[in-house]
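Q: Chain by chain, the residues run as shown.
There are 2 protein chains.
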Amino acid sequence: MEVELEEYVGKILRDIRKRGIEAVREYSERFDGYSGDFRVSEEEFEEAVESVPEGDREVILRTVERLWEYHERQKPKEELFIKNGSLYGLIYRPIRRIGIYVPGGKPLPSTLMMVGVPARIAGVKEMAVTTPPKDGKVNPYVLYVAQLLGIDEVYKLGGVQAIGAMAYGVGMKKVDKIFGPGNRFVNEAKRQVFGVVGIDGLAGPSEIAVIADGSAEGEYVLADLLSQLEHGRESRAWLLTTSRELAEYCSRDGVEVVLCGTLEECAEKANEIAPEHLEIITERPMELVELIENAGAVYLGPYTPVPAADYFLGVNHVLPTGGAARFGGVLKVRDFVKPVSLAMVGREEFLRERELGIRLAEVEGMELHRRSMEVRR
Amino acid sequence: MEVELEEYVGKILRDIRKRGIEAVREYSERFDGYSGDFRVSEEEFEEAVESVPEGDREVILRTVERLWEYHERQKPKEELFIKNGSLYGLIYRPIRRIGIYVPGGKPLPSTLMMVGVPARIAGVKEMAVTTPPKDGKVNPYVLYVAQLLGIDEVYKLGGVQAIGAMAYGVGMKKVDKIFGPGNRFVNEAKRQVFGVVGIDGLAGPSEIAVIADGSAEGEYVLADLLSQLEHGRESRAWLLTTSRELAEYCSRDGVEVVLCGTLEECAEKANEIAPEHLEIITERPMELVELIENAGAVYLGPYTPVPAADYFLGVNHVLPTGGAARFGGVLKVRDFVKPVSLAMVGREEFLRERELGIRLAEVEGMELHRRSMEVRR
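Those protein sequences? They're chains A and B, same order as listed.
Just so it is clear: in the first sequence, position 13 is 13 by the UniProt record's numbering, and no numbers are missing.
Just so it is clear: in the second sequence, position 329 is 329 by the UniProt record's numbering, and no numbers are missing.
To be clear, the hints were calculated from the coordinates, so they are not data collected in a lab.
Hints may contain errors.
Identical copies carry no separate label here, and so any pair may be met within one copy or between two of them.
Said to hold, decoys possible - Below, in silico cross-link-like pairs of lysine-lysine (DSS-like), each with a Cα-Cα straight-line distance of 25 Å or less:
no., residue 1, residue 2
1, Lys11, Lys75
2, Lys125, Lys173
3, Lys77, Lys134
4, Lys106, Lys18
5, Lys137, Lys173
6, Lys173, Lys269
Next up, chain A with everything else stripped away, as it sits in the complex (with noise of 0.2 Å):
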């Protein structure tokens, strides 16, 4: 089966790549049922934003300022240092141009403000969305999430043919790395065009954990397991208690629970399921943090539940899923920008201390990376 989806992608990203723009077109109609032109013009921005009640206008807006507030500390500055004459250190650098994709199934706003935030507050110049239009339209929520951050470059494109548009280039310029969640195609996709293109990672069915001891209250705790259930089939939900009645209570299609001996036990049990996200609910949930390693987010107490965090908080609901967290992390500032390696050697040290290359140099046999130091004087 993961072979079968490997090649099916493989397969139609090889011939966009080939044949470009008429491939597309293809696959727009046939996936998307769409034939008209990609980029969305601006009356039809203009048509869509006007459509957006006020009220909600104001609900985006001050979620966009709580964002932009929580983002922009991280905003990472120069760390350059000077030692025996040389300066070295790293600078950063934004990404020129990025692909935003913003899945159909569910017209996700949200979507586009937590990649979009950090992306312009990291100093992104170009940024091109691109979302599958429903009935040949873009939802005009996201049209004017678009707008009041800038964007004007969206596309009616969706599925593996709106990654490959970006990654190579075919009906919009080329962008550098491609953001933003997506089905199981749209993440096929991204995997393979990795290398080409940068990819912020790969997204998968939504999860929580919920580590809660006794002093929980059983109904805010299964709300939030099933909150996460409502994403799709496959997204998964754990109670890990120390409660036999809160495991009871919560104890229902869907939510998996764990009854442990202790709170050190349920944490341990986190760390091996390595979820999207934990909530911890016990009495005092700040002395089980140290023992947490595996988790994209931790949410503490009885008023941080996951939907929250998911659309008003301000923190990023981008997070590393299926396991991922073992080894990547939310979506962050640093995300939109490069390190850039920042080196300059004074004579004198380069003289003192050249030995240790030059023999390091002869240990591997590199007689031209010898030269070079060597024939320095």
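Based on these hints, arrange chain B on the given structure of chain A.
A: Quick look at chain B alone, frame taken from chain A:
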């Protein structure tokens, strides 16, 4: 050709996933001509380490110290803040277990230093090193570096089978992320296991671009250009210069010379190339830095040749190649840790602001997300 490589590597990986250690043994015999135990024994360690001359141990020790001092400054600290009675921010957790691939062709002890030092500083607890054996043995310098870094898990495994063994946990415990350069088979294997495990990036042939004006010493510039061509036939070297004399001096096989009208033009050309290494050897090199957007590393002045950075400066020599500097950067301590999003929201703040989340959940049609926010009192 690319498709063939993909299929060839894919077939080997699927076979390893299916047949496990038996398949790894077969490929190891076929490609490395090796059929003994994979893990390097204590005796082999001791024997090899003793064979490294005293003087060379000292060279390696001093180099590791320089790397340690440089990378120690990169260790990220918690980034937490309190706002409206709520706690937000990022905390960092080391990756539990990593795999490091050390290529065989030319024995590269420096690769292991470059990956192992930041990993140790990050706090990674378990490291497994794989490297193809030569005449059934691992290079003693590689084993000495391993010992110095406290790594006792070294495997005589090369190529696709090494990547497969680390990613799927065959003949060893599965790793969480794989680091280190390799040939095109190793790179394709890393690309294909991405998602199952994390990877550090895809390493291609070495590249150097030099921006130089008439003030640059021709002999230095030429030696630096040629040094990177030594890595292999696919390596590339560009000279971007305003000096006709220098252009002529450096014109020879393998060096791509671009004569520009101004240094600003040289900088823009460098951004188009997005080279792994960029040297700036001009009268006032610092004045060009702000124009550079795409480069893995920027080395300024006549005493910062790439080979010095490759071996002894203390900076990291694992850098993006093949244009990947458009979206990726130098290896650093942060590549060995994961940012975990942490939040603990206050009751007042939650109750005051939840209307934003509730409305957005409505817009996106997420009924159970709304319920999780509404249920709280």
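Q: Which of the stated hints cannot be reconciled with the structure, identified by number in ascending sequence?
A: 1, 3 and 4
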